[in-house]
Structure formats: structure tokens, C-alpha cells
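Student: Letter by letter, the chains look like this.
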Amino acid sequence: MNVTYLLKRLIGAVPLLLGVSLILFGVLHLAPGGPLDVYADNPSVSPEALAQMRTAFGLDQPLPVQYVSWVTAFFQGEWGFSIRTARPVVQEIAERVGPTLLLGGTSFVVSLLIAIPLGVLSAVRKYSAVDYVITFLSFLGVSMPVFWLALMLQLVFAVQWRLLPSAGMQTIGSDSVLDIARHLILPAGILAFASVAGWSRYMRSSMVEVLAQDYVRTAKAKGVSGRRVVYRHALRNGLIPIITVVALDFATILSGAVITETIFAWPGMGRLFIESMNGRDYPVLMALMMVGSFALIVSNFVADLAYAAADPRIRYE
Amino acid sequence: MALAQQRGGTLTVGLGYDIDTLNVYSTGFLGDVQAAVVEGLLAPNQNAQYVPVLATQVPTTRNGGIKISPDGKRMTVTYKLRPGVKWSDGQPFTSADVKFTWEAVKNPKFIAESKDGTEDIESIATPDPLTVVVNYKRVAPDFASTLFTFGILPRHTLQGKDLNTDPYNEKPLGTGPFRVKEFRRGQYVVLERNPYYWRKDARGVQLPYLDGMIFKIIPDSNTLVTQLRSGEVQMAYGVPYSQVGQLGSVPGLKVIKNNVLSWQHLDFNMKVDAFKDPNVRKAFAYAINKAAISKALGGYPTPINTVVVPVFGYTNRNVPRYDYNPARARQLLDAAGWKPGPDGIRVKNGQRLSFKIMAQAGRATDEDAEQVIIASLKGVGIELQPDNKSGVAFRDARYKGNYDLFYGGWITSADPTYSVFFGTKGVNNGQGYSSAKVDALLARAESTLDPQARTTALRQFQVELMNDLPSIPITSNPSMIVVTNKLGGFVPNPTNMTNFVNTSGWYLNK
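Heads up: the sequence lines are chains A and B, in that order. Going by my numbering, the first residue of the first sequence is number 1, and it counts up by one from there. Going by my numbering, the first residue of the second sequence is number 1001, and it counts up by one from there.
A portion of the hints provided could be inaccurate.
[To be verified] Some chain A residues judged to face chain B by a derived CB distance under 8 Å, without partners named:
no., residue
1, A56
2, G58
3, L151
4, L153
5, Q154
6, L155
7, A158
8, M169
9, A265
10, R271
11, E275
Just so you know, these hints were derived from the structure itself, not from any lab. We put the CB at the ideal spot given by N, CA and C, even for glycine.
I would like the entire structure built from these sequences, with the hints used as guidance.
Tutor: Shown next as C-alpha cells:
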């Protein structure tokens, strides 16, 4: 790993992002309707007002012109204004990044802390009762719709037991960490449940494979303790395939969990995306999708670094 | 009521949408929060009639507030303003604010959702701080449903500012009972009592009774219902019919039915060949069981026979009616040459009587009604396939008429302009309906202040429309409001001016 490699990767991302932006822009504008259609719901909007808005937002320009001016502005850090709220896109996104990172980050860390040991346990105790229970729970987690689980937990924890708030990020007027943490439990828990279910399965199969390798047997034959074999020798190699899966999910943290954020009225990027989508708020949508693409590129990069850290044989030049 | 209203307390309201801006002139929504903060000169009451707010009376020709020019082509509306009104920052409210509102909204640089009414005004004179004389270019009977009713903008803080980006959009300054304390995007708006509010109750107690209001943004309707049940929210409107029943039995909550000015309808795309035959359209009307639709929606909707909802004085009860009669529908189709085919669906010249029907995807109430319509029509040999769309795709199809049949609803102001829906050039006439007679009748109704002439024209319009039947009126759907039973003084508002248009008299019993 050296600086040249790092630079190369970063510069290589630029044409990639450009290509992505061209596709996104095209797809967005191919979709029926336009940003001003939201106003059409109101019978009192005059055609003159619409025409005037069209000019003001540059929507009357031909598409290629709109694209070029968007690209140049975007790469200069000028992300334009939201059509829905008339506020700078940067500001819209900046306000939503925090809550999304908090929710996504918490569930990510929690998932990792649970999924890896669970997967290892499952693999070590292959075909035991513990393994079956974990397998059963994983399938439950993968197949259970988020909205249904959310509804059930809200009913139990908020309506029946009145232990936790059913939605929102904080009690109004309160900024205490504890209060936010209480609001975080249900949505983060639900997000984590789904990730844990998936990741622990990957971890299990990867570990099962590694544990059957010759070097593990050799280590065991040499009298190394079982615990040491698993955690010192096998785990490290078992982690490598997981890195790809986890890294891809890592990218989605920044895009926000659309369903969970909507159900729990969490003011994050996922909800901003849905609202912007419904309003065809092109500037915000483009920026959100670009941020998402960028996150994907970065997390791929991070995954490569993690490979190298986990397996010293992998080297990037 | 002899009971003294209690002062104090905060009401938490759940909103099912994410607020875009708090400026009433540029929001894409009806403006619930804004209505508690910003006042207009007039407002519609619970009977959809205009009452004075910042004006001392509703101008009419009878009280001299409206004068028609001798040639009958222009009009002048004079508002007398309420003395002693202050903005919530303590500055006096005057006629200059009213004039400024017109200028600011009209300004081409201001990107507004609604500029309706600004172009009709020629000039505004302010002979004294409490008098506004508005000179109209035409006789505009709908003058009350737009500009100054939406709200007045404060001249002293907004003059020379860019209304598109001004902080006003986050923290509007109004004369209303409350003012914005905190607005957290995507989360909530906190309103606090406006200490300068002008209104007192009958006993001379300074209004509003409430210390404040909180509007929580909860986009998911299931979550909104959960929040009502857990007590985290004390009020929500537009609650799904399917959930009203269980909420009604929750202790501490009560359900209020608000008969909003809305009507559900099934529109024909007049460009579709089969629909050019009026007998086919009438067969559809006879085949649809409106009572069954109402029943499927919990019994809340009321079947209707005309597009003008029964609240209005000019509703015509003597329009051509098409009461549920499948036998009559079959007769009409037989006569029109559509004979049952091998699969039971009618055929004429090798063409099957089969269409696509569009409703708004995800709107459970409409989708349920759509199912009943599909089943009803199948009974007489007409096949309908749902082609539901959401969001912008739905609106796009609706405005361009990219559908065979469209099921949906409209909600109007207290003073609806029907030409936008049924006029040949109406902006909401995506179905391509055109009738010279209807155009003439609506033009007459929408350019006269004479209530008698208006009523006559609108009643005739309804007869014409129901004869032509481009659109089958189905039901009028109420909005269900669920609210804590501690709330007093609340009356629902049926218009598109929201339930929060008069919050100063609301109170919470301890």
C-alpha cells in the first residue's frame, strides 16, 4: 500500500462518478412527470405561475444543457437549491446526515458485534441445538418484513408497556443523549436484526469452510487449544469473505434506511430521498444519489484496505 | 356553555406529511401549522362560509364593501381592518401590510405555488391605516378564496427581501394566536402563545387558551395511529377508515367526522371511442353500487348524485339520477350493440368492453372503492383492469388524460371554481370533456356577484353535467379526526383551509 496507489484509486473514481451521474440524470428525467407537478395538485395554480417557475429553475432548457450545467456546478461544490423547500441542497443534506449516521452507525456496530460471534458459534457448534436456534432466528430475521416487525414492536413497547417512544428522534425540546438513545433503540434494533441475520449466515459458512482446512487440523494436531485455533487461526481467514458483504452494507448507511426512517419518523437521508422522489426534486435527488454512489466507491476502497489488513498476503500496488 | 374554559396546556398534533416551507404562499400542502400562526382578512368557518378575521366584515355588494363599475366589468372591494391588531413581534398591523402582500406575491421573482388572484387586481389604495381599497380588473366572485384569505405578509420585516430564501419561510411572522418557537425539519414545529394576540373571549380573557401547540411530523399512517394510542400525539386528521373503529374504543380518545368539501368520482377519458356513446357512460353509472362502496369503506362516505357536495346552497337535488340498477345497465349496453361474448365480457365489432382504471396507488380508501367498482361492472359484462400509479406518475397521467377511467377525489375551497374541472380549458380537465353549454353556464356563474344568478347558473350546470355524464359522482368522503377527549372548543373545518384555521378558542381540560 502506497500513496500512489491511493491517489490512483481516487482519481479513477472521478470518471466513474461522472458516468454514474450521467445515468442517474438520464433515468431521473426519463421518469414521468417533473418537479412542478406537485403544484398541479392545487387547482388554484395558474399556468403562468408554472411557466415562470419552469424558467426560474432552468427546466425549460434542453436536457443536455441542463446536465452540463449541473455537472460543472456539482463538481465545484455548488449543489443548487431544493425545488421543494427553496433551501440549498447542501444544507438539506447536512441536516439529515447526522441522524442517518447515528441510526445506521449504531445498527452497524451492534450488528457486527452480534453477527460475528453468532456466526462463529454457529460454525463451531455445527448441527447442534444452538446452531439450529441461530439458523431459525436468522431465517426469521431475513424473511420478516421490516414494517411488520416495526409495527409489532411499537405496539408492545410504546402502546402496551409504554417503555419506549414509538417514533421520532427526540422528545421535543430535549437534546439529552439519553433521550436520543431511548428513541434509537427500536429503529436501530430492527435494522440490526436484519443485518445480523444475513451476516451471521455468511460468517457461519465461511467459518465452517475454514475450520475444515488442513492448517486448522494441523494446529489442532499440534496440541493448540480449540479456543486458540478458532480465534487466532481460523477467525482471521474466516473474516475475509465477510468483508465484502459488510462493506456493501456499509455504503447503504449513508443512503439511509428508507423504510425504517419513514416508519419511525426518523429525520434522515432515507426519508429525504422519499420526499424528494415524490416531489421530483431533481437537485436533491441527484445530490443524494451521488452521495450514495460516492459512499459505495469509498466503502469498496475501505473493503480492499480491510482485506489487506486481514490477510497479509494481499498487497495493493 | 357555562363551564369556564381552562387556560394553559400544550396540544400535540401528528401531521402525516413532511413540511416543505412555512410560507403559506409557497407550500405544496394545505398549511396546517401556518393557519395557527398567520391570519388572513377572512377565513371560511365550519359551514364553509367566509367570516371576518383581520377585516371587520366580509365585503358584499349589500354592505357596500363591493362596488361594481357602471359598465359591469370591474369591481372594487373595500376592507375595513380591525383596529389594535399587532404582529407577534409587537408591531402594528396596517393596510400597508395588505398592499405589500399583493405586491410581494405578485412579484415575478417570487416563486410561489399560488399566485391566484394577484393578476385580477389592478391597484390597491390605502387611504388610511385601517382601510384597504382593492381595484379588480374584472368581476371576481371568488375573490375571497385566494390572496388575502391565505394570509397577510408583514411589510416591516419582508420589504426588500427575497421571499424565496428569506428566514420567513422557516419562522413566519403573523398576527395569529401562536408564533413559531422552533422548527426542526423532518421532526416537529413548536408553537408558543403570541402575547400580542388581538382576540379575547366573551368574558374578556386573553386568547389563545393554549400555551402552545406542537406539530409532530409522522409520515407513516400506521405509526401515526400508534402514536395516538400511546398518547404521544393527541390529535390527528385523515385517519384511515379501517383504523377509526379501533381508535374509537381507546380510552381518552374521540372520533370526529369532518364532512370535507370533497367528492369522489369516476371519470371517463372522452377520447376513448367506446365512451363517446352516452349510453355506455350511463350504463356504467347504473351498474355502480355506491352504497356498497360506502359500506366497504366502513360506512363513512355518503353516496352523491352531483359533483357539488351537499354543503353548498346551490347543490341541485333534481339532477338526472342513475340509481343502482344493473338490469337497466344491461339494457343500455344491449341497445348500444355491446353483446355478451364467450367469457361474459361484452363485445361489439370484435372489440371487448375492457378498460384500464387508474387510482392513486397506496391510497387504501381509493383502492378499496376501485375494487367494488371493478366487481360491480363485471356483473354487467364490463371488464376493468386496475392500472394504479403513484406520485408524479399518477398526477402526470391525470393531467394528460393517460387513462381509460380514473377514480379519485377533489377537495375544494369554500368557493369552488368548477370550470377548472369541467371547463373545456380547465387545468384539471385531463379527461378532455368539452361542452359549450357547460362552458357558458360556468362562465356566467364565475363572473357574477348576484347570488341568485350564480345559483341558477350552477344548478343548470349540474343538470347539464349529469346529462352528459363525463364523470360519475360516487361518494363524498369525510375526513376522520381522532383527538383527545380533553380538547374543547374545536370545530372541524370542511374546506381546504385546514382544521387549524381558528385555534385561539381551543382549550384542554385538565
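Student: Taking the hints in turn, state whether each one holds.
Tutor: Comparing the hints with the structure gives:
Taking 8 Å as the C-beta contact cut-off toward chain B, the hint placing A56(A) at the interface holds, the least distance being around 5 Å. Using the Cβ-Cβ criterion of 8 Å, the hint placing G58(A) at the interface with chain B is not satisfied: the shortest such distance is roughly 12 Å. For the restraint placing L151(A) at the interface with chain B, the shortest Cβ-Cβ distance is roughly 6 Å, inside the 8 Å limit, so the hint holds. Annotation: interface hint on L153(A) violated; nearest CB of chain B at approximately 10 Å, more than 8 Å.
Interface hint at Q154(A): satisfied, since its Cβ lies 5 Å from the closest Cβ of chain B, which is below the 8 Å cut-off. Of the supplied interface hints, the one on L155(A) holds, with its beta-carbon coming within about 7 Å of a beta-carbon of chain B, less than 8 Å. Hint on A158(A) holds. Least Cβ distance to chain B is approximately 4 Å, under the 8 Å limit. Look at M169(A): its Cβ gets to within about 6 Å of chain B, closer than 8 Å, so that hint holds up.
The closest approach between the C-beta of A265(A) and any C-beta of chain B is roughly 5 Å, which is under the 8 Å cut-off, so the hint is satisfied. Because the beta carbon of R271(A) sits about 6 Å from the nearest beta carbon in chain B, less than 8 Å, this interface hint is met. A hinted interface residue such as E275(A) counts as satisfied when its beta carbon comes closer than 8 Å to some beta carbon of chain B; here the least separation is about 5 Å, so the hint holds.
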